[in-house]
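Undergrad: Okay, here's what each chain looks like letter by letter:
Number of protein chains: 2
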Amino acid sequence: MNEQLLLRNIRGVLARLEDTILFAIIERAQFKQNAVIYRPGAMGDMTGGDSLVGYLLHETEKIHARMRRFTSPDEHPFYRNLPKPILPRLRFDESPLQPNSINLNPDIRHAYETGIIPLVCQDGDDQQYGSSSVCDVQCLPAISRRVHFGKFVAESKYLATPGRFNPVIRARNSETLMDLITDEKIEAEVLDRVERKARTYSRGQEASEGVAGIAPATARRLYRDWIMPLNKKVQVLYLLQRPPG
Amino acid sequence: MNEQLLLRNIRGVLARLEDTILFAIIERAQFKQNAVIYRPGAMGDMTGGDSLVGYLLHETEKIHARMRRFTSPDEHPFYRNLPKPILPRLRFDESPLQPNSINLNPDIRHAYETGIIPLVCQDGDDQQYGSSSVCDVQCLPAISRRVHFGKFVAESKYLATPGRFNPVIRARNSETLMDLITDEKIEAEVLDRVERKARTYSRGQEASEGVAGIAPATARRLYRDWIMPLNKKVQVLYLLQRPPG
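Sequence lines, in order, name chains C and U. The numbers in this note's numbering rise by one with no breaks, and the one at position 54 of the first sequence is 54. The numbers in this note's numbering rise by one with no breaks, and the one at position 17 of the second sequence is 17.
There's no promise every hint is true.
Repeated chains share a single entry, so a pair holds when one copy, or any two copies, can fit it.
[Unchecked claim] Simulated pairs of lysine-lysine, BS3-like, Cα-Cα distance not exceeding 30 Å:
1. Lys84 <-> Lys32
2. Lys62 <-> Lys232
3. Lys157 <-> Lys84
4. Lys32 <-> Lys62
5. Lys62 <-> Lys185
6. Lys185 <-> Lys232
7. Lys62 <-> Lys84
8. Lys157 <-> Lys232
9. Lys157 <-> Lys185
10. Lys157 <-> Lys62
11. Lys32 <-> Lys185
12. Lys185 <-> Lys84
13. Lys233 <-> Lys185
14. Lys157 <-> Lys233
15. Lys233 <-> Lys62
What the hints contain is simulated information worked out from the structure, not anything from laboratory work.
Chain C on its own, in the form it takes in the complex:
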């Protein structure tokens, strides 16, 4: 099997991404919610009708597209019509996935702006719009990568037992697919680990003389209520698009 599809390797990447996501969320949690940065047009004409975060995300994706970021099968842009890469393609870019058109970034952005920000940031406005937006443009792609890694997870699970999946894919039965990809024991382990990491990182933060981190229970909810459901949605959508063998 392609080494990118070994469940052991996928779980390593997902665990690594937990740190990236928690680090980025802790940075964002320094600032208040600053709801105005998510409101399209609120910053005037210069953002072309987009929100401040949208503008910054789009401009950043234009640069990262030139860095070849979105030729990688585990990266998904939030914006379309991005410029071509200036770096040659990498061998890593060959996808072990079946062709698919799944990009849940609109859902991720909605979840982030309306669910995750109120969960991790204090209510209110501290005028730190630039800094907050820069943090958001760290958080969103990290969460997107974690969520869309569901494609690798789903392909790996499919290849392990194609006979279990083929009839359910042919019947287009989303509910049974959701049951097949769900492993409650692993999910509980991930939630415990995320909570433990948040506690560890908050201990690091305490040394910083009381600067805000995020509570371990908040980190758990971030995963339980937002990241994991979106990841499982990707898995099911991927399998529905996958040609049964």
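With the hints as your guide, set chain U onto chain C.
TA: Showing chain U alone in chain C's frame:
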């Protein structure tokens, strides 16, 4: 005294920046040194003769300049000729510092590319040029902010005992200024705390099934050999430019 100059507040920001820097460095340390990304022109015409990291840094600063990043007295750009902000000025932007022209970013970039990267990353080339560059563009401004915070530290120390500093500033005696701003006890505390944080974060990392972090001793060296000397250099240069009272 301006609250941005209270040594207690400054030390809080500096401690917070330790987390930001360690998080960013841990991300970069996932990848090999990839020396080619620091070589001007090595990626061809598209980077306009700059290195890949330089190109990405410059393009990112153009966007962040529009987000008003560099109107803040604690932010220093690596590039000149950046576009004007699209956000109005903030009250935070009023500087409690004396006017000065100190920008050690050329030194910081040289230290980073020739000293810090070999310290924290494995030797070699893993072709992850885009990802490594994206990490560098996290690390460099974080280190720059930490180093240039020396201006606030120096101003605060000056205001606490102007009578000790005035004759030394008038005599332009850099060596005595360095003695005056040096507090070995505080420096030892910072190094111990940085080492402890790196250990804490590495414990978080170990939960990620053996993915690389950075060794506590490496974090200590990063501060002892690079970040602190540059910070102290900023303090001395700032005082040399400061009009004695």
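Undergrad: Checking an output row: Lys62 and Lys84, CA cutoff 30 Å. Within, between, both or neither?
TA: Both: 9 Å inside a chain and 19 Å across chains, each within 30 Å.
Undergrad: Check Lys157 against Lys233 for me: Cα-Cα at most 30 Å, and say if that holds within a copy, between copies, both or neither.
TA: Within one copy, since 15 Å is at most 30 Å while 56 Å is not.
Undergrad: Please work out whether the CA atoms of Lys233 and Lys185 approach to 30 Å or closer within one copy, between two copies, in both situations, or in neither?
TA: Classified as within; 18 Å inside a copy, 54 Å across copies.
Undergrad: For the identical chains here, do Lys32 and Lys62 meet the 30 Å Cα criterion within one copy, between copies, both, or neither?
TA: Classified as both: same-chain Cα gap 27 Å, cross-chain 25 Å, threshold 30 Å.
Undergrad: Checking Lys185 and Lys84: alpha-carbon separation at most 30 Å within a copy, between copies, both or neither?
TA: For Lys185 and Lys84, the Cα distance exceeds 30 Å both inside one copy (42 Å) and across copies (53 Å).
Undergrad: Reference check for the pair Lys62 and Lys232, CA-CA at most 30 Å: within, between, both, or neither?
TA: Intra 29 Å, inter 38 Å, cutoff 30 Å: intra-copy only.
Undergrad: For Lys185 vs Lys232, is the C-alpha pair at or below 30 Å within one copy, between two copies, both, or neither?
TA: within (15 Å within a copy, 52 Å between copies)
Undergrad: When Cα atoms must be at most 30 Å apart, do Lys157 and Lys185 count as within-copy, between-copy, both, or neither?
TA: within (16 Å within a copy, 56 Å between copies)
Undergrad: Is the C-alpha distance from Lys157 to Lys62 at most 30 Å within one copy, between copies, in both cases, or in neither?
TA: Result: close neither inside a copy nor across copies, 34 Å intra and 44 Å inter.
Undergrad: As a check of your reading, is Lys157 near Lys84 (CA-CA no more than 30 Å) within one copy, between copies, both or neither?
TA: neither (33 Å within a copy, 51 Å between copies)
Undergrad: Treating 30 Å as the Cα threshold, decide for Lys62 and Lys185: within, between, both or neither.
TA: Result: close neither inside a copy nor across copies, 40 Å intra and 47 Å inter.
Undergrad: First find the shortest C-alpha distance between Lys157 and Lys232 inside one copy, then the shortest across copies, and answer within, between, both or neither for a cut-off of 30 Å.
TA: within (12 Å within a copy, 55 Å between copies)
In the structure shown, a violation is registered for the earlier hints numbered 3, 5, 10, 11 and 12, in ascending order.
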